[in-house]
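Novice: In case you want the letters, here they are:
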Amino acid sequence: MKITAAAHAHKPLSLSDPDGFKYLLITLTLAIIGLFLVLPLATVLTEAFAKGWLTYRDSLTHPDTLAAIRLTLLTALITVPLTTMFGVCAAWAIARFEFSGKNVLLTLIDLPFSVSPVIAGLIYVLVFGAQGWFGTWLSDHDIKIIFAVPGIILATLFVTFPFVARELIPLLQEIGHEEEEAALSLGAGSWKMFFKITLPNIKWGLLYGVLLCNARAMGEFGAVSVVSGHIRGLTNTLPLHVEVTYNEYDFVGSFAGASLLAGLAVVTLVIKTFLEWRQAQDLKSARVASE
Amino acid sequence: MSIILNNISKQFGDFTALANINLDIPEGELVALLGPSGCGKTTLLRIIAGLEHADRGEVFLKGSEVTDQPIKNRQIGFVFQHYALFRHMTVFDNIAFGLRVKPKKERLHETEIKKKVHALLNLVQLDWLANRFPEQLSGGQRQRIALARALAVEPSVLLLDEPFGALDASVRKDLRLWLRHLHHELNVTSIFVTHDQEEAMEVASQIVVLNKGHVEQQGSPSDIYDHPANAFVSQFIGHTNVFELGQQDTFWLKNSGLPTPETGKVAHVRPHDIGLDKATGEGAQAILKDWQHLGALIRVELLSKDADGGMTTLFAEMPNEQFKALQIDKGDKVAVRIRHAHWFH
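From first to last, the protein sequence lines are chains A and B. Heads up: the first sequence at position 183 corresponds to 183 in the numbering used here, and the numbers run straight through without jumps. Heads up: the second sequence at position 305 corresponds to 305 in the numbering used here, and the numbers run straight through without jumps.
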């Protein structure tokens, strides 16, 4: 160990590692990750395939599972574009303009991060449920929100709407306003400026936000659980379907669904790493270009 | 008149950035907005461009009022301090941007655009960089591309915000001269912002000196240097010896040839308006403390004893040959002759 310390003599003393502390920490971290992340993930797969490939395939192609997959995709398809649009608008307003109440708006955007998802579901039940504020009016007009697809979409919107905005605000602030002003001075209108200058500059950050938003939209359990009503084949999203089948001791069905969600997580992670790398590259080149 | 500003005022909260600015800028001039940092020069430039809104006052470009027009309708070219090149586009696409975003019926055919971009690249002598990205260019190259991009839309007015501020000293020198020559060639009315008086004197045909949101003086470089309107301009442009004429100072200054001062006035004397002679005894008013070689000129640092025993430092400048002829060195006594002074309150 003395040799190691000598080899790193050029580093500050506080960073040298006389007792092999480094290896201890790495081992500990790996053990924890293995125990709490890798092992459960492996369990998901082994349980899903416990009764063989055919059973796995059958549970995935079961009409209820397919309905859950369809509903999950539909929810993501509707909420992700909406939160993306909201996120871009909100981030733009906050990063580019000075107005009173800006900090209040920032705090409000963060609200879904600090509120328990169950509460997010409950507030919609309180507002749109049969006993809620608009309950009578809605039932008079035969509009179903709670225990139906609109409720699921609303709850998902609530929990996902900070993702894109939170990602873009610091990015827009870092990029600055000068290129946009240059575009305007060259005769571009606001839309052309946005699509030709701003969007290309923020595209990796935007995709990053969209990706995280999508992962949350497809994986959300709490908020959706409250408003869904768990009607099989109708209002079960994939995470709800996993729970329902598990409670009915259909372990293969449950873990087959879980394996899809786990797969989504892995794909998300890979894309996320790629996007982070691209964004760092872009910011680096931008910093070089304005030196 | 190409640019007219009428009573332009601008507040940022409690801070008055600009107070009643009136300016007439004739066609074809290359104007420097010169002043210390925080004097409002960049704000004024941005108001002319339409990037900032004045609280009061009007802006006229080429005879028509543009106060409420957005920047895209003003036909201006703007060059940003940090270039603001579009980082995801090649040099070619950067320069072509202004031509390509024009409405369809005004837009040139792509082959015409190509021709024009290459002509501009040749103008800034960087045709070989067409396919590079901004991050691959040096600071000086970026600045020239930014200028070419601004010129592509054939602006009636060219505005440059601290165009040489972010460049190395040697590159800056070259680019100054180049900008002046380019302006001769194109003759487009141009305004650039700078805090560097040397840069303003070297490049501009007209200088507007700003201080604390006011115009202190407008004129040609020699006007401003030879006839400063007030104490601020005199001190900001070039070096100046300032003599606040209290009782004590008057004696030796009078002996130096300075006319009898009016009470309460301050004398500003340029270093080259001070002559020296080798002297002994009564005729000597100062001691040569030190001297520096500035190239063609020698700067002499003098100490003069006041009647009350205090010391006044003054600087004189003279050509090399003249200094040699005097045969004086550190510690020698000298007689001071003040040839010319500006008097300010």
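Hints were generated in silico from the structure; no laboratory data involved. Since we're looking at a predicted model, the values are computed, not measured. Quick reminder that beta carbons are idealized off the backbone N, C-alpha and C, glycines included. Misleading hints may appear alongside valid ones.
[To be verified] Just so you have them, the derived chain B footprint on chain A, three or more residues with Cβ under 8 Å:
1. 144-154
2. 173-186
[To be verified] Sample of chain B residues at the chain A side, in silico, Cβ under 7 Å:
3. Gly-38
4. Ile-71
5. Arg-87
6. Phe-92
7. Gly-98
8. Val-101
9. Lys-105
10. Glu-135
11. Ser-138
12. Leu-151
13. Val-153
14. Phe-344
Novice: Find the hints from earlier in the document that the structure breaks and name them by number, from lowest to highest.
Specialist: 1, 3, 6, 9, 11, 12 and 14
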